Each structure stands twice: as C-alpha cells, then as structure tokens.
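Participant: Letter by letter, the chains look like this.
Protein chains: 2
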Amino acid sequence: MTFHQRLRRAWERSGSMLCVGLDPDPARFPDVLDAAPDAIERFCTAIVDATADLVCAFKPQIAHFAAHRAETALERVCEHIRSQHPEVVLILDAKRGDIGSTAEFYAREAFGRYGADAVTVNPYLGTDAAAPFLEAGGVIALCRTSNPGAGELQDLVVDGTPLYLHVARMVADRWAAIGDCGLVVGATTPSQLADVRAQVGELPILVPGVGAQGGDLTGSVQAGRTGAGTGLIVSSSREILYASPHDDFADAARAAARRTRDAIAAVA
Amino acid sequence: MTFHQRLRRAWERSGSMLCVGLDPDPARFPDVLDAAPDAIERFCTAIVDATADLVCAFKPQIAHFAAHRAETALERVCEHIRSQHPEVVLILDAKRGDIGSTAEFYAREAFGRYGADAVTVNPYLGTDAAAPFLEAGGVIALCRTSNPGAGELQDLVVDGTPLYLHVARMVADRWAAIGDCGLVVGATTPSQLADVRAQVGELPILVPGVGAQGGDLTGSVQAGRTGAGTGLIVSSSREILYASPHDDFADAARAAARRTRDAIAAVA
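So the sequence lines, in the order shown, correspond to chains Y and C.
This note's numbering numbers the first residue of the first sequence as 1 and each following residue consecutively.
This note's numbering numbers the first residue of the second sequence as 1 and each following residue consecutively.
These aren't lab readings, by the way, just hints derived from the structure by calculation.
All figures in this text were calculated on a predicted structure; none of them were measured in a lab.
Backbone N, C-alpha and C define an ideal beta-carbon position, used for all residues, glycine too.
Among these hints, one or two may not hold up.
[Stated by the list, open to error] What the simulated footprint calls covered on chain Y by chain C, stretch by stretch (three residues with Cβ under 8 angstroms from a Cβ of chain C suffice, anywhere in the stretch; the number is not a length):
no., segment
1, 88 to 99
2, 160 to 168
[To be verified] Some chain C residues near chain Y, calculated using beta-carbon distances under 7 angstroms:
no., residue
3, L33
4, A67
5, R108
6, Y124
7, D128
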C-alpha cells in the first residue's frame, strides 16, 4: 500500500487525525529511566504502546536520536511501530533535501533503513531533487513552518503570491505527478493553512505547532480539513511526551493524547 | 579558532581552494576493499591521507554514511581528520534545517558528535532557525544549487531580484551578525556566482559541481574569488574519489586532486 492509501485507512480505523511526534530528550525523561542504557528506546516504545490506538501516525524526529548517537534506537522504535502497530503511519521527520545521487542515499535511509511510509523534505532545491524520494515512498514538503521567522523567506511575494503558495502549487502540480506527497503547514496561522488547502485539493497536510508551541488547534482544523472531514495530520510532541515527569509518564501521555484527539474531533 | 579563522589559515597554509567531498559509495569501491567490514572508513581515511596537503577542506556527505548505517565510520573519519590533519577545515555536508529546539539537536550532532567546523544548512526556514547552528559553529547556507531544477524556486523573482539573491542578502546581513557563515553556489552558472559575490562581501562561498557534475571551474573561480585571491571552497567528490577502480585508488585520487588544485590556482 502507498503512503496515501495507508493514511486514509489510518484515518478511518482510528477516527483520529492526531500524530504523536517522537522527540526524545533524555534531559526531560522521567526518573524511572535515568539509569537505563536503552532509555531512548524504552521511552519511545512506552509512548507508542500507550497511544497507538489514538493516533493516525507517529513521527519520530531524527535529530533527537542523532544528537545522542541513537540511530540504533530509532531503527528499533520504527521496527516496533511497524510490527506491533502496523495500521499506524510512520513519518520520519528529517527535513532532508539534496541533489540527485545524494537524494537517493537519503531516500534509502528513510525508506530502507527506517522503513518509513513518508519523510519530510525541504522544497528549496526543487522538483528534480525531490524525485528520488517520491519514487521510493511518501514525501511531505515543508510549505509554511511554525517558527517565528518562518515568513522571512516563505512570505516573500512572487507575482502577487507569497512564496509558500508557490511551493504548495509546485507540490500539488509537479511532485504529485511523480508520487504520493503532502505538505507541512504550521498551526500558528490558520488563514495560511486555508490558502494552502485551496491550492492543493485533497493532499494531506501535516500540521505541527499545536500543544507546547501554542498553535490554534480549532482554527487549524477548520481551515485545513477536507470535505470528508479528514486530510490533516495534527502533530503534537512535547505536550504528550512530557505530560508527567514521574513513572506514570505513559499513562499521562495517553491522557494528553486522548484530550488532543478529542479536541480535534470536537471541532464544529 | 572560529570557522572563518581556520579557513583563512587553511587557504594560506595549503595555497589551495580545493575541498574533497567524501561521498563514499561501496558500489564503486575498489576491489581491494570488497571484503572489509570497515570498508567505508578505510576508503575515506585513505583518500584523506592521500590528499590532505592539497586541500583547504574535507566535506563528508552524511547521507552516504547514514544509508549504510555507518555513523560510527563517519565519527572515526572526522576524528581522523581532526587529529591527523588538524589544519584542514572539516565541513559536514548535511543540509540540515529545522526550528528552535530541534535545530539545537542538529547542531549538537554536527559540532558535538562529529566535531565539524561548519555544517551546510537549508535557508528556507529563516534566520531564527539558523541561529542555534550559528551560535555553535560555522554555517554554510544553500543559496543557488547545481541541480538542473535549482531555479524552480531559487530563481523566482521577488521585487525585481531572484530569490537566491534575497537568501544571499539574508545570510550576509542577518546570519553574519550572529556567527560565522558562508554560502553554497553551484559551479554551473558563474554569472550567478558573481551576483552572489557582489552581495556578500568576503564571505566564503562553497562551490560544488566541478568535476563529475561538469561545472565551469575557470568561470567559477573568476566570478567568485575575492580580491585576496581566495574566498572559495571548490568542492569535487566523485572525480577524485573514484579516479581508479583498482588498488591504486588513493594514488589516483591524489593525482586527480593535484590536477584540480592546480587548475584552480592557474586561473588567470
């Protein structure tokens, strides 16, 4: 099954557009994991098992593993998701982007080594640089990000239209002709999410920035969902991962994930 | 010493603006390495030792290691460069880019784990996303890349000026106020390199695309060098790495590196 097929099934099965971002930070782990040499793997696996029935996707963020020399832990977490929760979509958040032959090696990393259904990709290098990813798996392009300075380049106006909408058009017209793709649009400005949705038809949109980053969940869901009431992958990381600093962390993560899932579903 | 200080010393000491890109591809390794479990490390170390006196920098490309689960080999190659050839600048080619706290983890990966002097970064997320890198080490921003479709976004016109020159200005004005930076401009179009040089003063420019990619070496050096006759990091990978498929590969790499170094120095 392709990325789009798996995502549609995940939305249907779970009734959820929530994605839990796996951003492990040992400095914030509960005390119970302090002495464990495999703390990163155990933390992520516990979060995954506690929330899998509440989500459409998991999104491990690779820098949080790479900074700690924990690629093997990431491989094991991905393998755990694929074997124990095969109905959940696996998105590798790596924001890759390079040319030709190097893009092929990055694609092997994401889809071969980690077995991801989709990987996040930076659009600055254009369609030919994205093709090796699109030919190997799902691709989610950065479009309008949620950081304070996102607009510095992304909002520059080209022919009367901001750059991020040119990116949206490029992805919808050219990348979608090569393979299964989607876009990243932060939850910080729902009007921009509405503008992107108007450009990209039914393409899935990954929406980070709810939860700890303070994005507008209700406004984002209203602006971004499709006529079918799906179309979004609403990602929350820290608010769920670090809901409790004690050994009830997995239960607290489940409760936080349930609240966010329900808040998404309750949007009128 | 900072990235800029180390780079100036490397240009002076070596008399070379050549950078050897370390893009190991086991499918192209010489037969003599076929059975070696540590082939990637041995190949890179042999290339490094054969060319170190001919270059100002080495540039390992991380996807070529990550696709083969070879992060430990990359750590060892970086450690070898720093301990055996401490006068050569170490650039991690990773084209990273993410927001806030995640950028901090990527910076730890590049500067802590691998001990790089500088890392390549994608500019699409803006200055605040680059700041965690700039505060921790050198940053080389993608500006105008060498792939066939580079212009799809990078040449879009904003207020009469192509986007890549807005990126050049952002880096020269705002990124340079935070830390040591430079830019990537492909060797494929020297006139664009001249336009970038006119925007960025003496900032170093990394120029990939000579050698196997067929870029214009003479035109690029003429367009990009500074008044001091330096300012460029001219990168070649495959033409040097795979100069011979036999067990004379390191000698052949040295000969190819010497030819490119001399060609750069001979530009009138």
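Participant: Just to make sure I understand the rule, a stretch counts as covered if three or more of its residues have a C-beta closer than 8 angstroms to a C-beta of the chain. Does the segment 88 to 99 of chain Y meet that for chain C?
Facilitator: holds (count 5)
Participant: Does R108 (chain C) hold up as a contact with chain Y if the rule is Cβ-Cβ below 7 angstroms?
Facilitator: 4 angstroms, holds
Participant: If you take the shortest Cβ to Cβ gap from Y124 (chain C) to chain Y, is it below 7 angstroms?
Facilitator: 5 angstroms, holds
Participant: Would the hint on L33 (chain C) stand, with a C-beta cut-off of 7 angstroms toward chain Y?
Facilitator: 18 angstroms, violated
Participant: For the restraint on D128 (chain C), tell me whether the closest CB of chain Y is nearer than 7 angstroms.
Facilitator: 4 angstroms, holds
Participant: Given that the segment 160 to 168 of chain Y was listed as covered by chain C, double-check it with a C-beta distance under 8 angstroms for 3 or more residues.
Facilitator: Check passed, 3 qualifying residues.
Participant: Less than 7 angstroms between beta-carbons is the criterion; does A67 (chain C) satisfy it with respect to chain Y?
Facilitator: Status holds, d = 4 angstroms.
Hint violations for this structure: number 3 only, all remaining hints satisfied.
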